[in-house]
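**Q** Listed below, chain by chain, are the residues.
2 protein chains.
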Amino acid sequence: MKKANKILVTRLYRYRDAIYRMKYMGLVKVFSENIADAVGVTSSQVRKDFSLFKLSGNKRGGYVIDDLLKKMNESLGKNRTQDVIIVGCGHIGTALKLYKGFEKKGIRIVAGFDIDESKVTRDAKVPILPFQELSQFIKTKKIKIGILAVPETAAQQVLDQMVQAGIEGILNFAPMRLSHQENVVVNNVNLGLELETIIYFVGEIEKKQYEEK
Amino acid sequence: MKKANKILVTRLYRYRDAIYRMKYMGLVKVFSENIADAVGVTSSQVRKDFSLFKLSGNKRGGYVIDDLLKKMNESLGKNRTQDVIIVGCGHIGTALKLYKGFEKKGIRIVAGFDIDESKVTRDAKVPILPFQELSQFIKTKKIKIGILAVPETAAQQVLDQMVQAGIEGILNFAPMRLSHQENVVVNNVNLGLELETIIYFVGEIEKKQYEEK
DNA sequence: GATATAATGTGAATATATTCACATATACTA
DNA sequence: TAGTATATGTGAATATATTCACATTATATC
Chain Z
1 MKKANKILVT RLYRYRDAIY RMKYMGLVKV FSENIADAVG VTSSQVRKDF
51 SLFKLSGNKR GGYVIDDLLK KMNESLGKNR TQDVIIVGCG HIGTALKLYK
101 GFEKKGIRIV AGFDIDESKV TRDAKVPILP FQELSQFIKT KKIKIGILAV
151 PETAAQQVLD QMVQAGIEGI LNFAPMRLSH QENVVVNNVN LGLELETIIY
201 FVGEIEKKQY EEK
Chain R
214 MKKANKILVT RLYRYRDAIY RMKYMGLVKV FSENIADAVG VTSSQVRKDF
264 SLFKLSGNKR GGYVIDDLLK KMNESLGKNR TQDVIIVGCG HIGTALKLYK
314 GFEKKGIRIV AGFDIDESKV TRDAKVPILP FQELSQFIKT KKIKIGILAV
364 PETAAQQVLD QMVQAGIEGI LNFAPMRLSH QENVVVNNVN LGLELETIIY
414 FVGEIEKKQY EEK
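Residue numbers (the numbering used here), protein chains in the order written: chain Z, 1 to 213; chain R, 214 to 426.
FYI, nobody ran anything at the bench for these hints, they're computed from the structure.
Just so you know, not all the hints are guaranteed correct.
[Said to hold, decoys possible] List of simulated lysine-lysine pairs, DSBU-like, C-alpha gap at most 35 Å: (1) Z/100 / R/338; (2) Z/59 / R/420; (3) R/317 / Z/208; (4) R/420 / Z/78; (5) Z/97 / Z/23; (6) R/338 / Z/48; (7) R/267 / Z/208.
The model shown is predicted, which means the values in this text are computed figures rather than measured ones.
All chains should be modelled from the sequences, with the hints used to inform the complete structure.
**A** In structure tokens, the structure reads:
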């Protein structure tokens with residue numbers, strides 16, 4: 001388990017998801033090649049990644065799924081549910097608040113926050129609270145992870161406030177890089193950028209196909 | 214403009230966004246270091262990337278923003294708006310349908326599709342149409358790009374159908390790798406995975422800080 | 001106009017990531 | 001139980017990506 005860089009860790013979570021899917025299909029054993037196929041990498045990549053994370057199997061026998069998942073869960077952490085808040089309850093924030101995919105990963109959205117008082121719903125199962133209560137909530141409930149889904153113009157300021165209150169990891173949907181100390185983890189989801197690059201490469205492929213004719 | 218790999222192209226779009234922001238702030242000239250700071254890379258990375266894309270400036274003088282943007286737009290394409298459809302109008306699909314950030318990038322959502330007939334809204338500005346009309350719509354309107362926001366279990370099948378009808382680029386929100394021919398471009402947005410990796414690295418940082426004490 | 005300064009542009013050097021290839025161990029077969 | 005086939009695990013080799021460093025040249029100054 002050497003330098004655990006982001007790309008490596010991301011792949012390991014992908015492997016785990018794929019292996020869970022295989023388990024639910026009834027499989028008991030897997031080979032590195034099965035995992036590789038499911039995730040779209042080479043089998044030696046899988047074995048090398050496993051090696052770096054001290055995940056071992058049986059020579060000739062592949063990996064016993066239950067054992068492997070147990071070890072992966074130890075390394076990657078799946079012991080307890082993580083409480084997460086959403087800051088900004090516009091379209092994206094609200095969609096994430098209702099997104100069903102987090103639960104099975106042990107991620108629980110515990111509250112939303114919005115500056116628009118008319119959006120406040122204190123009694124909902126997952127309440128939306130006024131923005132003024134954000135810092136206090138983070139401190140009191142010791143929230144460490146937040147989703148940032150506010151308008152671009154407010155994003156940096158809100159991030160600073162969240163970090164100030166104790167947030168240590170942020171998933172940012174504002175389409176720009178936000179500055180932060182290096183002891184804060186920030187992942188960015190930039191939807192416009194994702195589409196733009198798709199459009200670019202579709203154009204390149206079409207260009208190439210045209211040239212081939 | 215050699216091997217235009219994804220990571221390089223993505224950075225270039227980021228540079229462009231940052232440069233537009235600087236332009237709107239009233240700047241006329243930029244240096245590689247300004248761009249680097251805005252995007253969070255080194256200045257030599259910026260210059261190297263520019264070099265690969267045949268984007269040049271003036272020695273000692275930096276880059277004239279308007280000239281640079283013109284050249285970037287030629288390389289990266291921003292001549293015409295791109296029509297995009299959304300398949301699956303659940304929480305995420307609907308949020309994307311309403312997302313304001315696409316427009317300024319020349320991306321126009323022209324329709325949503327859903328298997329649930331009760332969601333159909335033919336007369337809306339951006340209509341939601343029944344899933345049965347998807348293939349015909351793609352063919353008739355020559356749609357090339359689609360956002361896939363259907364449940365995990367349906368994703369592969371729907372992707373195949375979209376590609377069959379003529380889609381060449383897909384932004385996939387289902388949390389798994391989908392198989393496709395290599396002349397189809399697929400980008401994945403895996404929200405659970407993003408949060409998981411944040412949680413992982415927050416844990417690592419906390420562990421490290423604990424050990425330091 | 002001459003000189004000093006500062007930024008680009010890019011090969012070369014370095015760092016990082018992936019793949020190769022094979023010794024090793026284990027499961028299966030007969 | 002001996003023999004064979006096959007998958008792992010990992011150093012070494014390769015490929016890819018980033019950074020260095022400096023020659024070059026435009027701008028600013030005097």
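**Q** Decide, hint by hint, whether the structure agrees.
**A** A quick look at each hint next to the structure:
1. Z/100 / R/338: With Cα atoms ~28 Å apart, residue 100 of chain Z and residue 338 of chain R stay inside 35 Å; holds.
2. Z/59 / R/420: holds, 33 Å
3. R/317 / Z/208: holds, 28 Å
4. R/420 / Z/78: Distance ~16 Å between residue 420 of chain R and residue 78 of chain Z Cα, so the pair holds.
5. Z/97 / Z/23: holds, 29 Å
6. R/338 / Z/48: Measuring from Cα to Cα gives roughly 51 Å; hence the hint is violated.
7. R/267 / Z/208: holds, 19 Å
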